[in-house]
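Chemist: With the sequences and hints as input, model every part of the structure.
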Amino acid sequence: MRNDASHAALSDAEELGHEARAGREDHAMLRLWLRMLASTTQIEAEIRRRLRERFGISLARFDYMAQLYRYEEGLKMRVLSRYLMVTGGNVTGLTDELERDGLVARAHSPDDRRSWIVSLTPKGRASFETMAKEHEQWILEMFSGLDMKTVRQMHAQLGQLRVHVMRSEPAGEEG
Numbered sequence: 001m002r003n004d005a006s007h008a009a010l011s012d013a014e015e016l017g018h019e020a021r022a023g024r025e026d027h028a029m030l031r032l033w034l035r036m037l038a039s040t041t042q043i044e045a046e047i048r049r050r051l052r053e054r055f056g057i058s059l060a061r062f063d064y065m066a067q068l069y070r071y072e073e074g075l076k077m078r079v080l081s082r083y084l085m086v087t088g089g090n091v092t093g094l095t096d097e098l099e100r101d102g103l104v105a106r107a108h109s110p111d112d113r114r115s116w117i118v119s120l121t122p123k124g125r126a127s128f129e130t131m132a133k134e135h136e137q138w139i140l141e142m143f144s145g146l147d148m149k150t151v152r153q154m155h156a157q158l159g160q161l162r163v164h165v166m167r168s169e170p171a172g173e174e175g
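Taking UniProt numbering, the leading residue of the sequence shown gets 1, the next gets one more, and so forth.
Just so you know, the hints here were simulated from the structure itself, not pulled from any lab data.
Just so you know, these numbers come straight off a predicted model, no measurement behind them.
Glycine included, each C-beta is placed from N, C-alpha and C at the ideal position.
One or more of the hints may lead you astray.
[Claimed, not checked] Straight-line distance between alpha carbons at most 27 Å, and here's what the computed DSS-like set of lysine-lysine pairs gives:
(1) Lys123 x Lys133
(2) Lys149 x Lys123
(3) Lys123 x Lys76
[Said to hold, decoys possible] Restraint-style ranges between C-beta atoms, simulated for each label pair:
(4) Pro170 x Glu134: 39 to 45 Å
(5) Gly89 x Ala28: 35 to 41 Å
(6) Gly56 x His27: 42 to 48 Å
(7) Pro110 x Asp63: 25 to 31 Å
(8) Asp96 x Leu158: 31 to 37 Å
Modeler: Structure follows, in structure tokens:
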């Protein structure tokens, strides 16, 4: 894998990132892990930069709004926390910020007065739709070097990897 053209190009551009940790003698699966990590980190950093530059919003806020966009009736904050894979405190902080900006509203749950349901406001929904359209174009642009057959294969194979990892986790542990 060390002699592939992409490794040479990344090295020449001083963009190896996490891949720089791997040596020629390392197992192919370790090198694959580091390449996946480097790719994800690089794409995420670019998305963060563009969201901040174009909309003045963090990726955490964008992800929060994306989850709520899918549930017009709103979500309980603890469910939102689980979907975002963050603590309840993180969700509370984001909710406070987005509520102050008029992008989300919170209401007591009709079936549990101790729970809050959060939903996008009309302003939040319109704002997210604008951001999501550009976000989608950025993703299409970044992945445009891959043909659709490769995209489908990678998606399926990464799905198999996730299922394998999920099944191999000891019960009760979260990653």
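Chemist: Hint by hint, note whether the structure agrees.
Modeler: Verification of the hints:
1. Lys123 x Lys133: 16 Å, holds
2. Lys149 x Lys123: 38 Å, violated
3. Lys123 x Lys76: Holds, at roughly 20 Å.
4. Pro170 x Glu134: 39 to 45 Å: Since the Cβ atoms of Pro170 and Glu134 sit about 41 Å apart, the hinted range of 39 to 45 Å holds.
5. Gly89 x Ala28: 35 to 41 Å: The hint (35 to 41 Å, Cβ to Cβ) holds, given that Gly89 and Ala28 are roughly 40 Å apart.
6. Gly56 x His27: 42 to 48 Å: 43 Å, holds
7. Pro110 x Asp63: 25 to 31 Å: At roughly 27 Å between Cβ atoms, Asp63 and Pro110 fall inside 25 to 31 Å, so the hint holds.
8. Asp96 x Leu158: 31 to 37 Å: 35 Å, holds
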